[in-house]
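2 protein chains.
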Amino acid sequence: MTLTLNDFKDAKERIKDHTIETPMIRNHSLEDILGTKVYVKLENLQVTNSFKMRGAMNKILSLSEEELNRGIICSSSGNHGQAISYAAKQLGIPAVVVTPHTTPEFKKSKIKEHGAEMVFCDVEERFEVTDKLAEERGMTIVPPFDDELIMAGQGTMALEILNTGVDLDYILVPTSGGGMLGGIATAIGESDSDIKVIGLEPAKLPRQSESLKAGKRVKVKSVSTIADALVVNQPGAVTFPYIQKYVEDVITVSDEKMIEAQKLLLEKGKILAEVSSCIGIGAILEGKFKPNKDEAVCFLISGGNLSLDQLDL
Amino acid sequence: MTLTLNDFKDAKERIKDHTIETPMIRNHSLEDILGTKVYVKLENLQVTNSFKMRGAMNKILSLSEEELNRGIICSSSGNHGQAISYAAKQLGIPAVVVTPHTTPEFKKSKIKEHGAEMVFCDVEERFEVTDKLAEERGMTIVPPFDDELIMAGQGTMALEILNTGVDLDYILVPTSGGGMLGGIATAIGESDSDIKVIGLEPAKLPRQSESLKAGKRVKVKSVSTIADALVVNQPGAVTFPYIQKYVEDVITVSDEKMIEAQKLLLEKGKILAEVSSCIGIGAILEGKFKPNKDEAVCFLISGGNLSLDQLDL
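If you're matching them up, the sequences are chains A and B in order.
Just so you know, numbering that gives the first Met the number 0 puts 185 at position 186 of the first sequence, and the rest follows in order with no gaps.
Just so you know, numbering that gives the first Met the number 0 puts 104 at position 105 of the second sequence, and the rest follows in order with no gaps.
Same chains, same names: a pair is fine if it fits in one copy or spans any two.
The calculated lysine-lysine pairs, modelled on DSS-like cross-linking and capped at a C-alpha distance of 30 Å, are: (1) K292 to K88; (2) K88 to K289; (3) K262 to K107; (4) K267 to K111; (5) K215 to K244; (6) K262 to K88; (7) K262 to K111.
The hints are simulated quantities; they were obtained by calculation from the structure and are not laboratory data.
Full structure from sequences and hints, please.
Structure representation (structure tokens):
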């Protein structure tokens with residue numbers, strides 16, 4: 000555990016020409032229903048329409064020229080692969096994305112659109128296939144979350160949030176392997192802020208909350224959830240200690256309430272986001288998180304990669 | 000024509016406890032497609048989810064206590080009625096909204112939800128019914144657009160846009176009777192800004208552009224358009240001179256391109272808005288407005304009152 004505030008500042012400087020500062024806006028239309036002051040950080044408007052671009056770019060721009068020329072590879076269920084594909088195109092380097100067959104067609108087509116070579120496999124063998132190809136071609140693996148440079152990239156969102164000057168009480172962050180949650184919580188924890196960072200994960204895959212309870216990284220059963228961006232079944236070895244140290248709590252949310260939250264964010268809040276990104280709103284709808292009306296909550300809207308026919312209206 | 004910058008500043012002060020400063024955000028996700036720098040002013044997140052609250056509140060809060068106690072009345076196809084209903088509830092005064100039978104169910108239900116008494120009639124007789132009821136009950140008519148206090152309220156959006164400090168080249172404003180367009184253009188014109196304000200109207204109802212050509216208020220044939228918030232068939236007597244003086248141009252857009260724009264704003268831009276509010280984006284899609292890539296365009300997203308089943312996906 001070596002991340003300090005400077006790592007996040009360095010990441011911000013490193014990625015600034017390849018990512019955007021996404022808006023954080025107040026959303027009054029949701030306040031009566033959610034019973035608190037509502038802010039949304041619109042990472043669904045990030046380049047490639049998800050936060051993944053931040054961590055991936057920070058990692059890739061830290062590689063040597065020789066490594067860059069040999070190319071990059073990753074395994075991904077969608078948003079990370081899209082970021083890798085897009086980043087490689089921007090930098091003019093080769094890229095391979097190893098993708099489970101089960102990935103939604105929409106996300107597959109976006110990865111392909113940016114030009115990366117795609118290799119399909121079963122979800123269980125994706126890391127093995129990635130390792131083998133990386134070895135054969137001399138490519139560098141860009142991991143989806145379990146890496147301090149990835150975490151530092153994702154943590155740049157926290158710097159932007161702090162920079163708004165808004166007096167927040169909470170930031171609610173969807174979590175899977177813990178790269179975004181760990182990065183944001185560490186950046187907040189290492190700054191002067193007393194904002195509490197809370198993680199949200201699918202009730203069907205409670206790997207972070209179970210691990211926090213056990214005091215060590217627990218592997219939960221891999222089951223299917225509507226939250227297709229939050230499918231990791233064990234916290235990362237690199238991310239978990241940061242989560243233990245800096246995260247206030249991790250709350251689980253049902254698939255049902257995530258879907259309800261997605262619809263609410265769209266219908267009342269006028270914002271379109273992936274169902275996984277609506278999990279924080281789902282936590283309030285489920286009564287699992289109860290801020291009061293004078294508190295200010297920022298919901299991290301982590302991605303917006305969905306086709307309209309995926310909406311369950 | 001007596002509106003000056005002070006009228007807009009006074010309006011802003013008058014309505015500040017009853018409306019919000021809506022966000023204006025950059026939307027990079029639309030820039031490749033639209034070929035210009037894209038900003039959106041999110042009036043779909045205003046109280047009652049449309050800009051109508053601004054003008055209505057400015058007018059209502061200028062009434063005497065006696066007038067307030069006797070109550071307010073309007074005829075409205077939707078968003079104005081909703082604003083009146085909500086405003087009356089906020090201020091604890093009686094309100095009647097005269098609504099054409101043809102108003103979408105969703106908008107009817109929102110007017111009703113805020114508590115105003117609703118009177119239904121045919122679209123042609125709505126002003127007659129309103130006048131008669133106002134007379135009978137001693138209520139004050141709050142007009143939808145043709146009034147300087149209404150215009151001053153709508154123009155407060157321009158002050159907020161100027162206040163962002165963003166170096167805009169254009170503001171694109173949907174127009175019907177001209178209250179919003181006239182208000183915004185006048186506020187910009189009376190300030191130090193050299194931003195050009197452009198109006199957009201349905202090709203099926205070209206009342207502003209035909210009137211500008213003719214140099215006088217032309218009445219066009221009332222025909223049905225998908226843009227249910229832009230159905231007036233003649234510019235207002237009060238608004239039109241301001242539009243002649245301060246508006247750069249008024250462009251007409253087909254129903255087809257408005258629908259395409261609504262889908263684009265949602266799918267790529269991640270924002271849900273009424274089809275009428277997407278007319279500025281439609282103008283670019285139709286090739287009627289061609290900003291270059293270094294110019295910055297603010298699209299006034301005037302309302303978001305639609306149910307999801309109204310989306311033509």
